[in-house]
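Same order as they appear, the protein sequences are chains C and W. Quick note on numbering: numbering that gives the first Met the number 0 labels position 528 of the first sequence as 527, and the sequence is numbered without any gaps. Quick note on numbering: numbering that gives the first Met the number 0 labels position 91 of the second sequence as 90, and the sequence is numbered without any gaps.
It cannot be assumed that every hint is accurate.
As the list claims (entries may be wrong) - Stretch by stretch, here's where chain C covers chain W in the computed footprint (C-beta under 8 Å, at least three residues): (1) 16–28; (2) 46–52; (3) 55–62; (4) 69–76; (5) 139–152.
These are calculated hints, taken from the structure and not from any lab test. The beta-carbon is built from N, C-alpha and C at its ideal position, and this holds for glycine as well.
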Amino acid sequence: MIQSRFRAGDKTRKEILKALVDAVGEGAATDNPGVLYSYSGTSMAFPKALPDFVVRPRTVEDVQRVVKIAGKYQVPVTPVASGTQEPGTYPWFGGVVIDTMAMDRIHEINLEGGYAVIEPGVAIGRLANELEPLGYRITTGSFPPGVSALGNYLMTAVNSHRGSGPMDDILGLEVVLADGTVFRTGSAAWSATYKNTGWHAPTNGFPNIKNMFIDSAGTLGVVTRGAVRIYSLGETRALPLAAFDDFPSTLKYMMALARNNVVQHACCWHWTLYTIIDHLGRYGRGAPADVLVYEPWIKPDDRPYLIAVPTIAGFKENVEGSVKAAERLAREHGGRPFVDECKEKWSGAWKFFADHYRDHKATSQFMGGYGEGFPMMPIVIADPRKITGLEEWGLKFLRKKGLNLGLTYYSHVMDQGRAVFLRMTPFISGESTEKEKQKAAETRKQYMEQAYQRYGAVPIRFDPSYEDGELLAKGGGLKKALQKIKYGLDPENIMNSGMSVQMYGTPPKKTAPARKKATAARKKTAPAKKAASVKKAAKTKKAVKIKKTAARSARKTAAKRRKSTAGKRG
Amino acid sequence: MPLSRDNDYSMYLYTCNRCRGCTVLPSPSMKPFCPAYSMFGFFAYSGGGKGYVAQGILEGKVEPSAEVAQVAANCLLCGACAQACPPGFDTMAFIRDLRDHMGQKGIYANAAQERLIENTHKYDNPWGKSRAVPRAPLFSGEKEILVWLGCRERMRAELLPGLKKILEAAGVSWGVLADEYCCGAPLIDLGDRKGFMKKAADVIEAVNASGAERVLVLCPHCAATMMVDYMEAGDLEVDPVTLPSFLAELIADERISLGEAEETVTFHDPCRLAKRLEEQDPAREILEAAPGLELREMERRGEWGWCCGSGAWAPLVAPKLSRYAARERIKEAGETGADKIVTACSYCTELLGRQAKGTGKVEHIVSLVAGRVRPGRPEEEDGESGGE
Numbered sequence: 000m001i002q003s004r005f006r007a008g009d010k011t012r013k014e015i016l017k018a019l020v021d022a023v024g025e026g027a028a029t030d031n032p033g034v035l036y037s038y039s040g041t042s043m044a045f046p047k048a049l050p051d052f053v054v055r056p057r058t059v060e061d062v063q064r065v066v067k068i069a070g071k072y073q074v075p076v077t078p079v080a081s082g083t084q085e086p087g088t089y090p091w092f093g094g095v096v097i098d099t100m101a102m103d104r105i106h107e108i109n110l111e112g113g114y115a116v117i118e119p120g121v122a123i124g125r126l127a128n129e130l131e132p133l134g135y136r137i138t139t140g141s142f143p144p145g146v147s148a149l150g151n152y153l154m155t156a157v158n159s160h161r162g163s164g165p166m167d168d169i170l171g172l173e174v175v176l177a178d179g180t181v182f183r184t185g186s187a188a189w190s191a192t193y194k195n196t197g198w199h200a201p202t203n204g205f206p207n208i209k210n211m212f213i214d215s216a217g218t219l220g221v222v223t224r225g226a227v228r229i230y231s232l233g234e235t236r237a238l239p240l241a242a243f244d245d246f247p248s249t250l251k252y253m254m255a256l257a258r259n260n261v262v263q264h265a266c267c268w269h270w271t272l273y274t275i276i277d278h279l280g281r282y283g284r285g286a287p288a289d290v291l292v293y294e295p296w297i298k299p300d301d302r303p304y305l306i307a308v309p310t311i312a313g314f315k316e317n318v319e320g321s322v323k324a325a326e327r328l329a330r331e332h333g334g335r336p337f338v339d340e341c342k343e344k345w346s347g348a349w350k351f352f353a354d355h356y357r358d359h360k361a362t363s364q365f366m367g368g369y370g371e372g373f374p375m376m377p378i379v380i381a382d383p384r385k386i387t388g389l390e391e392w393g394l395k396f397l398r399k400k401g402l403n404l405g406l407t408y409y410s411h412v413m414d415q416g417r418a419v420f421l422r423m424t425p426f427i428s429g430e431s432t433e434k435e436k437q438k439a440a441e442t443r444k445q446y447m448e449q450a451y452q453r454y455g456a457v458p459i460r461f462d463p464s465y466e467d468g469e470l471l472a473k474g475g476g477l478k479k480a481l482q483k484i485k486y487g488l489d490p491e492n493i494m495n496s497g498m499s500v501q502m503y504g505t506p507p508k509k510t511a512p513a514r515k516k517a518t519a520a521r522k523k524t525a526p527a528k529k530a531a532s533v534k535k536a537a538k539t540k541k542a543v544k545i546k547k548t549a550a551r552s553a554r555k556t557a558a559k560r561r562k563s564t565a566g567k568r569g
Numbered sequence: 000m001p002l003s004r005d006n007d008y009s010m011y012l013y014t015c016n017r018c019r020g021c022t023v024l025p026s027p028s029m030k031p032f033c034p035a036y037s038m039f040g041f042f043a044y045s046g047g048g049k050g051y052v053a054q055g056i057l058e059g060k061v062e063p064s065a066e067v068a069q070v071a072a073n074c075l076l077c078g079a080c081a082q083a084c085p086p087g088f089d090t091m092a093f094i095r096d097l098r099d100h101m102g103q104k105g106i107y108a109n110a111a112q113e114r115l116i117e118n119t120h121k122y123d124n125p126w127g128k129s130r131a132v133p134r135a136p137l138f139s140g141e142k143e144i145l146v147w148l149g150c151r152e153r154m155r156a157e158l159l160p161g162l163k164k165i166l167e168a169a170g171v172s173w174g175v176l177a178d179e180y181c182c183g184a185p186l187i188d189l190g191d192r193k194g195f196m197k198k199a200a201d202v203i204e205a206v207n208a209s210g211a212e213r214v215l216v217l218c219p220h221c222a223a224t225m226m227v228d229y230m231e232a233g234d235l236e237v238d239p240v241t242l243p244s245f246l247a248e249l250i251a252d253e254r255i256s257l258g259e260a261e262e263t264v265t266f267h268d269p270c271r272l273a274k275r276l277e278e279q280d281p282a283r284e285i286l287e288a289a290p291g292l293e294l295r296e297m298e299r300r301g302e303w304g305w306c307c308g309s310g311a312w313a314p315l316v317a318p319k320l321s322r323y324a325a326r327e328r329i330k331e332a333g334e335t336g337a338d339k340i341v342t343a344c345s346y347c348t349e350l351l352g353r354q355a356k357g358t359g360k361v362e363h364i365v366s367l368v369a370g371r372v373r374p375g376r377p378e379e380e381d382g383e384s385g386g387e
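Excised from the complex, chain C in its bound form (with noise of 0.2 Å):
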């Protein structure tokens, strides 16, 4: 079982390499140390991990070609899509990275059934620039457009981008196991015997395991292809943004708008974000000054301190009466319409909300923002009764440990209003030593720390820093569970290995009372196991005796035959 960074001997090595080619062709499999440090981590704070061989996959059997050379050689295997932060994505413990984005056909677009079945390779813009003529949609978040759509729905943070309904962007995945089996969740199941059976249902009647796939970072199987949601546009679609000077008074409108199905989705930026995205949006790169002197809770001029993005659509007299709700909703929590402003005055943040939040196209306006620093990000999901609290405290907080590259936040509201996303975004300078990087990693620790116990919150994304298995351990026995569930299905640890060490932990050994108990049994069973013994060995001796006996008159029998014949010829 696999428990620490893969070694092998040169041998070894030239003959997996030569197996991955073998298995994903020319071209597609390699070993060059360059090309593996690119698949070494991303600009998150955390320790490069270098691989040892990386393959680009373009089928489901290529990959499972791929896990079984991983098997018989014992070595790690991570599966990475766009490979755009996440901690999952780094193959901690070396061995086969398995980049997925030559996957990339969109094998279906069932506007009836309201799904597309994609690889992890299809991108979010392209498969939105698919969708968009027939009238449909996916969710974007605030996405760039060529990062993975099913590689960022298999997170929850992505998967949550509907206020008003379920956490969840798929419908049924494909999935190749540690042993190279290939299996399909939910009603794509019975395609394996009923060719007619679509991906429609996330269920089948057995257990839906699709979600274990989620947020699992690739732990305990290769996601190769997926049925994602996709969404009407609406016969029209509105924006009407408000205007809010705290997050408690934003909170409640968020809740009230998602809770009676008034908007598709409601989200809030703080005045640091939105000021910095409507500099991206006006200049395409850097960041304004003035988010780095004020101190975040306290807001430079008249500016709002946040700004809301309800997101409506539909046919055109639901969003009218949906628009006039939202603006009434505003003013009764304290907030004000801010549609006409913003445009006038965050012409570059309007833009920003209009394409991703309206108008459902991904862009790359976000993405200008990176260069300025290392972006550490500590979200949660939270009670929504809780959460205004670790807000308040969180900006402290994190201002009060030094990071003050500029200290920023998001949050909105998660089916129906029963959680809320939550993520602060402070940056790491690029000049940080790593002492302070240390030190940043431990400041984000202590505010997670602080979420869960103070604030009723969980993690949305796995968090390195801590030691194996420790955070998981917190769920209690659900660490025991997920054990079960990730080494029944890998027992020799084959998937994302590392990963998987930090996440789950290593299987408990076999503790003391455990191997007496077997010794005991062993004991008892032995006199039992000695009496058949005997008695085998008796029959085995009488048999042998028979034998002999029986031989011994075969011999007499032919000299009294012999001796008979020769009187008769003599």
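Model the placement of chain W on the given structure of chain C, informed by the hints.
Same frame as chain C, but now just chain W:
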């Protein structure tokens, strides 16, 4: 500067978010834009990915080797990634420095890369041929413009016949330097920054000493080198002008006009002109001034144009990539239904022409203009002449 954490681009090496914006045209098109990433698929071949490679070397996690040099060399230095990268990472700077870093250690992608550098030093041209005598009048101070031929034109004189015709029609007095050096572009592109700085200093000195006020630079590679890369090498006092800009200027100033001929063309933007120098309009102004010419644009054009495959000496250093890029471009040009591809770079003309299998459907803009050129203002029709 050598590859270093102290460079302006250092921050970008560490903050690339792998959004892959550098590899495609902006949404909604999202057509492939980076030939190397499009062909190889591994992230390391993208602009952002090469930043990771540079980071790995700086961090001591990647040992420079021929294999790594191959990743660095499989890039056309077309500047697509720099054009498309949302935060504007200066990808060309760190890709060149990455090559330079390995070149300093004597590590090259292949023998061709090393040979091209050696030839440039030894023969003042990358092909290793003896210095050619310019087949053109020599420049003297009273002439209007100094013409910078560039290594290729000095050797092959592909443009000179047409150019002579145009300049004669325009009444432009011109000349070349008796002793023209290599501008240094092969060195900075292939990984010899130190050698480039020396060449650049020599060229700056020679051009400054010519007494010219303007220098017409025929080759887009030389032009981009002089106009952008020389900024860190010295003070070029003479004003460089690109060939399309100069021809467009002659037309705008009515020093030449173009005769009528029916043809349908598409224009392939040389990367160094369109992306590095942001000059995509002058060539189109020329084409628009040609009566009877219909311009059918490709989707990937201007600063968003796809490289022909000849950048950074790829036909020799990264031949597979070069052929791939050229094939794609020919295919895209074919989709416009145009009879002919017009471009403004001899390297693009040659490679696209070869890929178009010698059908003669690729033409340099100098040749197109020379075929139609007439001196001065076109004859005005009766009744429209001046009314004094």
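Here is what the structure says about each hint:
1. Residues of the stretch 16–28 of chain W with a Cβ under 8 Å from some Cβ of chain C number 10, which satisfies the need for three, so the listed coverage holds.
2. Interface restraint, the stretch 46–52 of chain W with chain C: holds (3 residues with C-beta to C-beta distance below 8 Å; minimum three).
3. Under the rule that three or more residues need a Cβ within less than 8 Å of chain C, the assignment of the stretch 55–62 of chain W holds, with 5 such residues.
4. Requiring three or more residues with a Cβ within less than 8 Å of a Cβ of chain C, the coverage given for the stretch 69–76 of chain W holds, as 3 such residues are present.
5. Evaluation of the coverage hint for the stretch 139–152 of chain W: breached, as 0 residues show C-beta separations to chain C shorter than 8 Å, against a requirement of three.
Violated hints amount to a single one, hint 5; each of the other numbered hints is respected by the structure.
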